[in-house]
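Based on the provided sequences and hints, a complete structural model is requested.
In the numbering used here, the protein residues as written are 437 to 1025.
These aren't lab readings, by the way, just hints derived from the structure by calculation. Bear in mind that the values here come from a model prediction, so they are computed numbers and not experimental data. Since no wrong hints were added, every one of them can be taken at face value.
Below, simulated BS3-like cross-link-like pairs (lysine-lysine); rule was C-alpha separation at most 25 Å, straight line:
1. K742 to K765
2. K982 to K972
3. K902 to K972
4. K720 to K765
5. K765 to K836
6. K971 to K982
7. K629 to K916
8. K902 to K836
9. K629 to K999
10. K902 to K971
11. K808 to K916
12. K748 to K808
Estimated spans, in silico, between C-beta atoms of each pair:
13. G616 to E875: 45 to 51 Å
14. E833 to R978: 37 to 43 Å
15. R624 to L666: 22 to 28 Å
16. L984 to E875: 31 to 37 Å
17. E920 to W1001: 42 to 48 Å
18. S503 to T1008: 51 to 57 Å
19. Y853 to D967: 37 to 43 Å
20. S540 to K836: 37 to 43 Å
Glycine residues also receive a C-beta, built at the ideal position from the N, C-alpha and C atoms.
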Amino acid sequence: MWQPFCDRSCWLWMFVCCIYGGINCALLTRNSRPNIVLLMADDLGLGDLSCYGNNTVSTPNIDLLASEGVRLTQHLAAASICTPSRAAFLTGRYPVRAGMASSSNLNRDFPWLAGSGGLPTNETTFAEMLQHRGYRTGLIGKWHLGLSCASRDDHCFHPLNHGFHYFYGMPLGLLGDCQGARTPELHRWLRIKLCISTAALGLVPLLLLAPKLSGWFPVPWSVIVLFAVLALLFFLGWFSSYGFVQRWNCVLMRNHEIVQQPMRAEKVSALLLREALGFIERYKRGPFLLFFSFLHVRVPLITRDKFVGHSKYGLYGDNVEEMDWMVGKILQALEQECLTNNTLVYFTSDNGGRLEVQDGAAQLGGWNGVHKGGRGTGGWEGGIRVPGILRWPGVLEAGKVVHEPTSLMDVFPTLSYLGGGTLPQDRVIDGRNLMPLLEGRTTRSHHEFLFHYCGVHLHAVRWHQKDCATVWKGHFVTPKFSPEGAGACYGSGLCSCSGDVIHHDPPLLFDISTDPAEAQELNPDNEPVFDLVIKKIEAAVREHRKTLTAVPQQLSAFKVLWKPWMQPCCGTFPFCGCDREDDMLHTAP
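Have a look at this one:
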């Protein structure tokens, strides 16, 4: 909808378009390459938005986006945790193909900015593809796909080496540790064990000192000193990393330059929004790609004061509503620059809402609607079913709802099609072009099978039967929820992909098309085609595995380790710290 604040040239263009194009005005927009704005939330549950059924949180701007565009109800992340999900989103490929899936339960995404793993440079992202087609490309917000390979300044995995002209944001991502007053989040239980081990080692020289001083039996001073040194070295070995998580990981960058270390968490939302609006202003003559990767709604739920107490759902709801307000500001900027009709806007989340994070009785994570599980729960629907909203006025039908299975991986081939690019022919692309489905040229998704991984482990498979609307889902592995009977892994804080899991033979089978909550388990007694469906799914798994090739593992135990020589540092290591934003926040909205 055009507002009175459009300038005269904008009104003149509308007049000429309507005179010469008539009802074909929309076709003029369709045949041009659109600007592209991708909005990705962090850990947002499918049920956290009003347009997906939430009645306790107000999200009017995202709801408006849905009412003016297409809403996907079976939109799926390629993983239930951020690093592999984002890798698949950018490349259109299952993360296991790029080595971006972990075999470890401890490090399923990158825990340290000073690690040596990342999205391989031989992977093609949609940003790189659009850059080659003349788009100006920018990433604002969270990256979390690695930074450097061998030294702190090589930045081989940096967004600017993956097709983005401009980057402003966090090269890792938001953690509870980024607010010093909060309970540590990164490897919390491991840290507790390390503290206990340090205390135990520290007691050894004291226990040896007691009999020596009392004269019970002689203990050489060299032995006492040796154990004391070992205890000290053990402490320094882990505390040099875990003792400074906020300084090492919570870093804000502009392109290759660190602008805040540690990041000022209370100001970051305003800074990111300022940068997004500035990017639109600079490249409004287009075409441009803006990927705004929110830090919302990830713990520690950094929320401006004016939104605190704003919702009926506590701090988490406040954070969702602030994110919605930021979405509204971006949509408003497009409107003011008369870009609405020539811009495809897409909104989603990297994975489902996080269930395990709590503050006493208060829930600090999202709601995944009727769907079982959440962030990190392998193949359960709550961890992988995410919002999917696309708006392009005049091209996509307003208010349309699509129930077909779609994937975040579909964004890659869709943007290739819209930008006039060519899909890489030297690799498997798992995503499918969404435009025929969105425009109504077909009523069925091009995905027959979708494979749901937890790290490197295949947990579940979805089969969209060709000859009917039924969508079957078979679980080969499911995590053990704790405590027993709960809907998440509250005991450990994150469900396991292997080890503490349940293997199913035959697989658990559900009809997702009629039972999205995965509550009605099917078996040969209540489903006549049970054996046929299981055989079909198992055959698909065999064919899928034939397409996988061995690649370097980016989340291996060595690559995820904190390495002092890899630590990005504003200043002289280890005395890292700066704030180069020079009070520019007065320009922020």
